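Here the sequence shown is numbered in UniProt numbering, starting from 1 and rising by one per residue.
Read the hints as simulated data drawn from the structure, not as lab findings. Values in this document were obtained by computation on a predicted structure and should not be read as measured data. Incorrect hints may have been included.
[To be verified] Dumping the calculated EDC-like pairs for lysine to aspartate or glutamate here, alpha-carbon to alpha-carbon at most 20 Å:
# : residue 1 : residue 2
1 : Lys227    : Glu206
2 : Lys110    : Glu150
3 : Lys110    : Asp130
4 : Lys126    : Glu115
5 : Lys110    : Glu206
6 : Lys187    : Glu206
7 : Lys161    : Asp106
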Amino acid sequence: VRRLAGFMSATLAMRATRERFFSLSTSSLSSHSPNSQRVSMILDRIHVTAIRELTRKMSTFEVGEHGTGDEEMLDESKKIVSSTSEIDDPEIYAKELPDVKYKRSDTVMKCPECEYRTYYVTTFLKHLRDRHSTTPVLSGISLYCECGHESFSNHHSITCKLANFTVMRTREGPIWRIEKKVTTPQKCIQCDVFPTTPSGYIRHLELFHRTTPLMSGIHLECACGVKIT
Numbered sequence: 001v002r003r004l005a006g007f008m009s010a011t012l013a014m015r016a017t018r019e020r021f022f023s024l025s026t027s028s029l030s031s032h033s034p035n036s037q038r039v040s041m042i043l044d045r046i047h048v049t050a051i052r053e054l055t056r057k058m059s060t061f062e063v064g065e066h067g068t069g070d071e072e073m074l075d076e077s078k079k080i081v082s083s084t085s086e087i088d089d090p091e092i093y094a095k096e097l098p099d100v101k102y103k104r105s106d107t108v109m110k111c112p113e114c115e116y117r118t119y120y121v122t123t124f125l126k127h128l129r130d131r132h133s134t135t136p137v138l139s140g141i142s143l144y145c146e147c148g149h150e151s152f153s154n155h156h157s158i159t160c161k162l163a164n165f166t167v168m169r170t171r172e173g174p175i176w177r178i179e180k181k182v183t184t185p186q187k188c189i190q191c192d193v194f195p196t197t198p199s200g201y202i203r204h205l206e207l208f209h210r211t212t213p214l215m216s217g218i219h220l221e222c223a224c225g226v227k228i229t
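Generate coordinates for the entire structure from the input sequences, incorporating the hints supplied.
Listed below in structure tokens is the structure:
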């Protein structure tokens, strides 16, 4: 009986959460729009998945030594709902609908450094950043849209009706990387901290010493010869 009560309370909690979130997710959408119907279908799948997982958990659930087990069951159901629906992030449903925010390019985008390919600008940019520590600008490429627009971010893919991209070279030469730690950290001129990057050094001066390299009468010099004040 206790286990059944725990299961029922967990089910009611998930159902109430689903209905509350559905009203929030669809408040900006027409009730007859395709997007609204897709959101409803996604929420239904999440609810069914959560119930199945909770039922499986219940089959092996044991009451603790110092309690009825209802609290543990309810806590378990909350974990399942959270991990399944990501309910704290209302934007998750917009991300599930490509035509709302992310369009699929009809042309494939190929990574300039490996065999990776994708039809989505967002995942292409994420791949460059996470796998190769670079960006379109640093790597010397651009995303050339079928409409003739040349872009370096995902903004155009959101606004353009065509949004069919081809990766184009903008310059020759090596692929530059996102700033990494310097090989020889420089000691702060006012304390014993050793910032590991030029930008970190400047932020340290601003946050902890209320100054800048220029105000302190110093400059940071890159190995390439560029001086930063």
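For each hint, the structure was consulted:
{"no.": "1", "hint": "Lys227 to Glu206", "result": "18 Å, holds"}
{"no.": "2", "hint": "Lys110 to Glu150", "result": "16 Å, holds"}
{"no.": "3", "hint": "Lys110 to Asp130", "result": "15 Å, holds"}
{"no.": "4", "hint": "Lys126 to Glu115", "result": "15 Å, holds"}
{"no.": "5", "hint": "Lys110 to Glu206", "result": "41 Å, violated"}
{"no.": "6", "hint": "Lys187 to Glu206", "result": "15 Å, holds"}
{"no.": "7", "hint": "Lys161 to Asp106", "result": "12 Å, holds"}
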